[in-house]
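There are 2 protein chains.
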Amino acid sequence: MEVTNRYITIKTHIDSAPKESHFELKTAALALSVAPGSNYVIVKNLYVSIDPYQVNRMKSYSSSHKATSFSVGICPGEAIDAHGAGRVVASGNPNFEKDDLVIGLLTWGEYSVLKEGKALNKLDPMGFPLTYHVGILGTSGLTAYGGFFEVCKPKKGEKVFVSAASGSVGNLVGQYAKLFGCYVVGCAGSKQKVELLKGKLGFDDAFNYKEETDLKSALKRYFPDGIDIYFDNVGAGMLEAAVANMNAFGRVAACGVISEYTGGLRAAPDMVDVVYKRITIQGFLVVDFMNVRADFLSRTSDHLRTGKMQAIEDIVAGVESIPSAFLGLFRGDNIGKRLVKIADE
Amino acid sequence: MEVTNRYITIKTHIDSAPKESHFELKTAALALSVAPGSNYVIVKNLYVSIDPYQVNRMKSYSSSHKATSFSVGICPGEAIDAHGAGRVVASGNPNFEKDDLVIGLLTWGEYSVLKEGKALNKLDPMGFPLTYHVGILGTSGLTAYGGFFEVCKPKKGEKVFVSAASGSVGNLVGQYAKLFGCYVVGCAGSKQKVELLKGKLGFDDAFNYKEETDLKSALKRYFPDGIDIYFDNVGAGMLEAAVANMNAFGRVAACGVISEYTGGLRAAPDMVDVVYKRITIQGFLVVDFMNVRADFLSRTSDHLRTGKMQAIEDIVAGVESIPSAFLGLFRGDNIGKRLVKIADE
Numbered sequence: 001m002e003v004t005n006r007y008i009t010i011k012t013h014i015d016s017a018p019k020e021s022h023f024e025l026k027t028a029a030l031a032l033s034v035a036p037g038s039n040y041v042i043v044k045n046l047y048v049s050i051d052p053y054q055v056n057r058m059k060s061y062s063s064s065h066k067a068t069s070f071s072v073g074i075c076p077g078e079a080i081d082a083h084g085a086g087r088v089v090a091s092g093n094p095n096f097e098k099d100d101l102v103i104g105l106l107t108w109g110e111y112s113v114l115k116e117g118k119a120l121n122k123l124d125p126m127g128f129p130l131t132y133h134v135g136i137l138g139t140s141g142l143t144a145y146g147g148f149f150e151v152c153k154p155k156k157g158e159k160v161f162v163s164a165a166s167g168s169v170g171n172l173v174g175q176y177a178k179l180f181g182c183y184v185v186g187c188a189g190s191k192q193k194v195e196l197l198k199g200k201l202g203f204d205d206a207f208n209y210k211e212e213t214d215l216k217s218a219l220k221r222y223f224p225d226g227i228d229i230y231f232d233n234v235g236a237g238m239l240e241a242a243v244a245n246m247n248a249f250g251r252v253a254a255c256g257v258i259s260e261y262t263g264g265l266r267a268a269p270d271m272v273d274v275v276y277k278r279i280t281i282q283g284f285l286v287v288d289f290m291n292v293r294a295d296f297l298s299r300t301s302d303h304l305r306t307g308k309m310q311a312i313e314d315i316v317a318g319v320e321s322i323p324s325a326f327l328g329l330f331r332g333d334n335i336g337k338r339l340v341k342i343a344d345e
Numbered sequence: 001m002e003v004t005n006r007y008i009t010i011k012t013h014i015d016s017a018p019k020e021s022h023f024e025l026k027t028a029a030l031a032l033s034v035a036p037g038s039n040y041v042i043v044k045n046l047y048v049s050i051d052p053y054q055v056n057r058m059k060s061y062s063s064s065h066k067a068t069s070f071s072v073g074i075c076p077g078e079a080i081d082a083h084g085a086g087r088v089v090a091s092g093n094p095n096f097e098k099d100d101l102v103i104g105l106l107t108w109g110e111y112s113v114l115k116e117g118k119a120l121n122k123l124d125p126m127g128f129p130l131t132y133h134v135g136i137l138g139t140s141g142l143t144a145y146g147g148f149f150e151v152c153k154p155k156k157g158e159k160v161f162v163s164a165a166s167g168s169v170g171n172l173v174g175q176y177a178k179l180f181g182c183y184v185v186g187c188a189g190s191k192q193k194v195e196l197l198k199g200k201l202g203f204d205d206a207f208n209y210k211e212e213t214d215l216k217s218a219l220k221r222y223f224p225d226g227i228d229i230y231f232d233n234v235g236a237g238m239l240e241a242a243v244a245n246m247n248a249f250g251r252v253a254a255c256g257v258i259s260e261y262t263g264g265l266r267a268a269p270d271m272v273d274v275v276y277k278r279i280t281i282q283g284f285l286v287v288d289f290m291n292v293r294a295d296f297l298s299r300t301s302d303h304l305r306t307g308k309m310q311a312i313e314d315i316v317a318g319v320e321s322i323p324s325a326f327l328g329l330f331r332g333d334n335i336g337k338r339l340v341k342i343a344d345e
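Going line by line, the protein sequences match chains A and B.
Here the UniProt record's numbering is used: the first residue of the first sequence is 1, the next is one more, and so on.
Here the UniProt record's numbering is used: the first residue of the second sequence is 1, the next is one more, and so on.
Looking at chain A on its own, in the form it has when it is part of the complex:
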């Protein structure tokens, strides 16, 4: 059987702010079978993850960050790999059979052709929606869990500040921190997001950073006794303001820098504060946390079953919506984990 696979590519490398015109929906004929002796796995994509870090992979090598040597660049015209959940339609790989549900590195398209099965795993939904395995039980969840527990090393009662707190990772950091016994304040970019944080997600407090003219004073107001832990998803002025309001032996978990990804301002945290207050600023990636993945899955799925944690999802439909769903991340359109639903289960 042969189908027409529709998938998203970039037309050129993107070194400025990304726009719709940088993207293209391509089509290619795809045989839903594998040649005898081949190790290929062909997956029908069901849900794919939409994450800001992809923009760093779209930059040209010359202008791109040295950091991209730690992730694989995206070539114009080629399929873009991204985490997702799908169903195997054909397999030459003994680890996978037709109709297996799988989770792993798929593509921003209707089908994924995986030459090796390395970044693919069979998925037991454990009674949860598939989308949970891309978000709260997937890389977003593990990023939040590892970043909070392994990097921030929290103690009960500590004061935690989370930026982009209604985002895919931020909302989970706040939930973990509350369950652990910390005082948690988040910031986000709209009234609706702030209400979600204070209401459904149980943050102790939250504010709309767009309504604040002086972030340093704002944080002083929300943390009169100082910040012990700052989970940073944005960088720039928010990082500076958090460092200025930090307590001795404070920790900054540097998870993301959305302010810098598309050429925005850099943070210039006061290093005198860093020295005198013995602040630690630590970068991390989700791949560093594979050693705690089993604990993460077991604890998080328990919390979901008992209703102690909430999955906040923002699901957009259709492969053709991927570029706009992606671009919306940089405008703060999403609330919670953004996914694109490619096909019905």
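Certain hints may be false.
Derived, one-sided and incomplete: chain B residues facing chain A with beta-carbon distance under 7 Å [to be verified]: (1) Ala254; (2) Glu260; (3) Ala268; (4) Thr280.
Just so you know, these hints were derived from the structure itself, not from any lab.
Note that the Cβ used here is the ideal one computed from N, Cα and C, for glycine as well.
Chain A is already provided as a structure; the job is to place chain B on it using the hints.
For chain B alone, kept in the frame of chain A given last:
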């Protein structure tokens, strides 16, 4: 017996670059005896330490850094406390007797009157010059030792970069790193300093940062395989360049920020590098390392006795020289540990 004690004060708080005119040599009559029942200790100062961090204590409260709440501010007109070595001339404190050699928090003056003996210890010179106990075996040494071993957590063969590498702490970090088996490059601000690092101190390489127009390229040249550890004494552009050249899981020990102390530029390290390369930037103070002080003393004195470490000292004579000796730190005048000799032993 009564003497005239000469000591240095600041006339006003110093919120700009410090100048000679900010300082004053004051005199006061001082009885070299303690009243019965008093706990006072009077010390004749022999050597006092001259350190850049003092400038942060001289700032006014309003304009001063929040960080100064972690160190005690200096009041205009009053004696300025500073580490040093001296000899007890009178004591009402049962822990000290006349003629005891002592080390601890003395003052920038000829005599120190200590109301409590808390920050004072009897000194056994262990066969070393007194000056060593203010420098290489004192706070400078422990800062270097703790900062390198406890904060940087080095592995043999790692590539280490040290800024202000001929300074009181930097030269010792480089020496510890070499003895430990690391590859060490230092930067300093003169040809003479660079020669000291490469010659007497055995650094693998060194360069004069004033001769470099692009610090990022310079570090790329000296570290073609990247930097694993950066021991930062300066901040600003050097910190940015080091982060740009850092390897995955690199560590920055933030020891001092001389570029910021007198109103210079702040560092804006690229946080995207920090995230992707999982860099840790950690501030620290010498007081954090009391748990390793015994090890530090034993290992460092062994290294000194066997000639494996060198004490680089820069000794200026006379209490009246303190302001110029201090101001010279910000021009990079000193080579190694700067002390002022107040009196003959």
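Provide an ascending list of the numbers of those earlier hints which the structure does not satisfy. none
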